[in-house]
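> Residues per chain, in single letters:
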Amino acid sequence: MPTYIKRADGKLAVAEDAFTAVADDQDIAPGDVIVSLTRFEAEGDRLLAEGRQVGVRVESSEDVEALAYDLPRIAVVALAFPKFRDGRAYTSAALLRERYGYKGEVRAVGDVLREQAGFMVRTGFDAFEPADGATVEDLERAIHRYRHVYQRSADRRAPAFAEREV
Amino acid sequence: MYRYDTLDREILADRSAEFREQVGRRLAGDLTEDQFKPLRLMNGLYLQLHAYMLRVAIPYGSLNSTQLRKLAWLSKTYDKGYGHFTTRQNLQLHWIKLADTPDILDHLASVDMHAIQTSGNCIRNVTADPYAGATAEEIDDPRIWAEAMRQWSTLHPEFSFLPRKFKIAITAAPKDRTAAKVHDIGLAVKRARDGAMGFEVMVGGGMGRTPYVGSTIREFLPANRLFSYLEAILRVYNRHGRRDNIYKARIKILVAALGAEEFARQVEAEWDKVGTDADLPDLEIARIRGAFAGGAFETLPPRSEAFEAAKASQLAFARFVRNNVKPHKKPGYAIVEISLKGIGETPGDATAEQMDVVADLAERFGQDDIRVTHEQNLVLPHIRLDDLPAVHAALAAVGLGTPNIGLVSDIIACPGLDYCALANARAISVAQHIAERFADADRAENVGELKVKISGCINACGHHHVGHIGILGVDKKGEEYYQLTLGGSGAEDAAVGQALGPALPYERVAEAVDTLVEVYLRERKDGERFLDTFRRTGVAPFKEAVYADVH
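Residue numbers (our numbering), protein chains in the order written: chain A, 1 to 166; chain B, 1 to 551.
Hints may be right or wrong, so weigh each one.
Here are some of the chain B residues that sit facing chain A, going by a computed Cβ distance under 7 Å [what the hints assert, rightly or not]: (1) D14; (2) Q151; (3) P157; (4) R235; (5) T276.
Derived from the structure by calculation, the hints contain no laboratory data.
Just so you know, even glycine gets a beta-carbon here, dropped at the ideal spot from N, CA and C.
Model the full structure from these sequences, guided by the hints.
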């Protein structure tokens, strides 16, 4: 089981993961589950009707737009990084937060490295399954590395040009 | 010039601290080279054939004397006493020790410089017209927009892991000195009929294995909508650019696959959704504009007696003026190009001593302003005509008086097999041999504008596709061979060159260029450049002459 680190009220902490990630060739586990987009499209209504919380894993090649109408009932969107170099999930996260106003958890899964944490928080991720053994402290340091940022992003941090106006 | 404020400086300091920590982990063995590679590449640090190479960013090719002196000092202290100016207006130090890099970044940060995003699959240093703020041709000062793009692209959270590297160029003059049409995005400042300022947006140009001239996807983008539009382009690219094959991952491949019209449609659709939230407030643009305003120009007569007298009495000075001195927007001033293409030298290299001299001249005579051109030369953009003789003498004294800007010996060449792990063939020595053949300055001037560009491999760092004469090094069973192309251009008349014929061995390249030039001199009509003649006659007469002895 990967370590699950959750960010709430601006602070990271190792947390108990209530969700079980279920691969497409596995039987649905009891309790809260994260399933693939394909499986969600086929079985999502039934799983939700069973009263459990459902999360959806979106691969980097898949469009989050496919979830647009389901977002209010999805507890977690797990965005996959097949390799850390594959930056599509940053756009997916930004769209979930900014375009769709998604308030649930956006979790980084796959090749999640500490050096990416700053970018991830900025684009709207709030949960992490680090692949490099990064601790809460490692991620916090990466997230708070820069005292200023130049761009508006999903984290609503004031960019340099806004700081300069004050 | 733009001056970094506390915020800009704190971002650099934080970057430097981060890298020091990463290098520490690598040196302590906590990171393998494989794990360290993406981290060093975020800071412009490459591992080359012989040593680490650090690529220092020179945003939009603009430097002050303090910065250039610092680069000189770094090259003396941590390298072999010289640096290499690149086609992206950056500076490379080729003999760096890993353990020194954190200190080097700190020294750079102390003069508001860095190596951020000079490598990696991110938005790279923005190219801008080296004559910005000095040429009368420009509609606006492109540095304003380049600086705004520098900030916007720095550590961009969404666009730091693109399918491939991403290069933007901006020009505001009809004569394009940025190669905008062979960049991922080329921006040309335009004015609408009602006087409103905006940009023509060209996308998908590029070189490498599959060269393309960029397609215009928007004729006129209102200036205040630039950043939302850039976001839309980058977002479409980030999502849909290919990631399965490094050689098909640039935006040009996506634009070509979709067709420019369909690509434009997708960008416009995304742009509609992005809305104005992503645009930079007018106030910030005004702040940056203010930093570039003015310049301390005196009111001078258009004619300088000292300048005219020196021109009349000194042949070398007169030749320098004809080739390296360009008109300035203010009467009594001139733009001075400094050639880093001394005959027999390595194109783009400058010694620490030369950098110091240029810095001194900029400080004393040139409003503390220095530019780097994408053709690997330097520019003093604001020199009084009265001071030109003194500037020329000081340059000539350190081997920087070569009067060959735009001429056949003003060659772009990549580092090639002498430095680069990717190269198939040498590029620098080919450039040197060609330059030596045209060492006779009268002959070179008679030939006129002729852009020779040499790449040591198919990655095309030497821009051979857009050379009037392009030269590409290939490996033929372990031997260095060279394919010649003719008729390319990276300027406003951009085109990809066409092949001349079978590749030539190393020893025959300079001679072949000589033959091509002789054909041109024979065929040319009034006022035609090499490129014009070639475009009129086609390849036939050139091909016939070069391969004559093979038949």
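> Check each numbered hint against the structure and report the violated ones by number, ascending.
5
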